[in-house]
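Asker: Given the sequences, and given the hints that come with them, work out the whole structure.
There are 2 protein chains.
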Amino acid sequence: MEAIGITRLCHRNLLPTTNPSLTSTFISNLVIGRTSFHNYNTNFPKFLVSATMESSFKPEEARVPAELSLPAPPVTKFKIALCQLYVTTDKERNIAHAQQAIEDAADKGAQLILLPEIWNSPYSNDSFPVYAEDIDAGGDASPSTRMLSEVSRSRKITIIGGSIPERSGDKLYNSCCVFGTDGKLLAKHRKIHLFDIDIPGKMTFKESRTLTAGERPTIVDTEVGRIGIGICYDIRFQELAAIYAARGAHLLCYPGAFNMTTGPLHWELLQRARAADCQLYVATCSPARDGGSSYVAWGHSTLVGPFGEVLMTTEHEETTLIAEIDYSVIEQRRTYLPFQKQRRGDLYQLVDVERLNCTGAK
Amino acid sequence: MEAIGITRLCHRNLLPTTNPSLTSTFISNLVIGRTSFHNYNTNFPKFLVSATMESSFKPEEARVPAELSLPAPPVTKFKIALCQLYVTTDKERNIAHAQQAIEDAADKGAQLILLPEIWNSPYSNDSFPVYAEDIDAGGDASPSTRMLSEVSRSRKITIIGGSIPERSGDKLYNSCCVFGTDGKLLAKHRKIHLFDIDIPGKMTFKESRTLTAGERPTIVDTEVGRIGIGICYDIRFQELAAIYAARGAHLLCYPGAFNMTTGPLHWELLQRARAADCQLYVATCSPARDGGSSYVAWGHSTLVGPFGEVLMTTEHEETTLIAEIDYSVIEQRRTYLPFQKQRRGDLYQLVDVERLNCTGAK
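Chains A and B are the protein sequences, given in the same order.
Numbering-wise (the working numbering), the first sequence opens with residue 13 and increments by one.
Numbering-wise (the working numbering), the second sequence opens with residue 13 and increments by one.
No false leads were mixed into what you were given.
Pairs involving identical chains hold if they fit within one copy or between any two copies, as the list cannot separate such chains.
Taking lysine to any residue pairs in the SDA-like style, the calculated list, with each CA pair at most 25 Å apart, reads:
#  : residue 1 : residue 2
1  : Lys183    : Asp148
2  : Lys353    : Phe217
3  : Lys70     : Leu368
4  : Lys218    : Asp208
5  : Lys183    : Lys353
6  : Lys214    : Met324
7  : Lys218    : Met272
8  : Lys120    : Asp338
9  : Lys218    : Leu184
10 : Lys218    : Asp138
For the record, the hints were derived by calculation from the structure and aren't laboratory data.
Answerer: See below:
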């Protein structure tokens, strides 16, 4: 075979990366939308303009819109708790049990609590409709989130409420509610990437049999920093983590219930990869393992630092892990390995479609 | 603090992800360039059109241009050799030594040989100008690549020639040459992301003091499949791996010399992450460790399968690793975890700038 590289074929026909008119038109269409190129230069933050001057490789264009600088968090150091809860078929017990774990963690100084994926219900398509709650209606229609709201207010803590099955009209979602220290619902993330996999003889599950996928990413400013939310299978899509990083996230939280097949293969790998690639903290929280349930969770809730280093992890039993997060490490790591200045916006660009279209966001 | 999520702010102002006119305009600008939206539907491959019909989440738009289907490789199973070579200050010796290792591997049935980063020279900014060769001139001006060409032809093997310092006019590059079974140069990759890091007291290196960065990705059709090339620090940028995957790569090859700081932290993690996220094979090849050199390489050349599983690895001594690659595993893994159908092109899009502008490529 006379093999010829794609790149060399391209090179013969065009010089795309060095053709300023093509590139300008493209970037103009992408970034500017309804404004002129002149407005682009004058309206964007100054650090972007200087970055542009520094390099012909256009690192700031590797994210569209350009990456935000890391915001100053309300606190630099704080304690996070991962409550790896044992989940039963008794919803009332699950709620009371979760409340006890949260309060115990708060007693130990945790300011941020992360719960597991589907902590009020067994993880099965049969259970989701039965255990689902109407979160938007609240009150008696959602005893699980009512508890989270009450305990976050009473203990003045931030809660990333794992996830529960949510009923909204005739649809069901896998939803994570974030509560602030005043008990208010700050954000609700509906799992974007549904868990539909088929590994014959090992693991087959189709969430889409019962659930509907969420429509947007969720990143939220809390009293413990800017936090991007994903649920379980969402962690497999590096693009989501990268757009959260570009929106200035300090921490990504993934409630997740990997299983006995994908858990040993990928659970730790994916957390460490997202943390190291995005240079931020990643926290995960799984249900404790119940060998007798139809879906057996892997466990191994973990906190990973911005160098991809495992800071805290566990096996599969019920436990609450508590560790300190120090956001000053993020800036330090980004100084050591300055990816933001080194990306090649002249070669690849990751577009955050919502933020591109949402001029009011930042 | 009354914290409010970015997403919720967006949501109040606009409904970007559900606004078809905005999205259509955007995609039209991105993908179509000078053609109409009608042409988009009629000119694109049929599998894309059917994928579009399948989902409102537009998975095919998560890559721009759309991801190519995996090409049928010339061989499904073959042996790859990773030659983890000990490198000295004697260039002639390095060339003869590499040739011997390649021939030994070919004798053992290897059809694809991967060499380390900077295998003909010490890894230092002082050495790069001294050991650099004019690859384009060839012959006596590049004894290292002349050897690679000769041995690839005589043994009818494909060689991913690690990298050597390249002199081109008044510039130096860190360049990887790919030779086909007929001895012809199929592609030359110049390291895109230069290794400029500063971890105080641990590892400081600035390739940009002497080297110039390459201008484009390099993916090449060989007799052992479609191979994307990166050199060392290139592996840190997940976008490069993802655009290679979208161009139909079966295998990514990264000659690389991580060090005693970044090696234990990230070398295996990054290889496994690129393989698992892109669902393809990843091979790396490091120089053997020389504790007495100014830059001490980590070693640990590795082959990773498309589930992120380490198939073959080693410590830091000189050795040649040989293992079988089976490309049929790629399709199998992608059936198990069908990321291509699950990505959310309505939320994020990775743009391959060169392929977007290079209409002749595919």
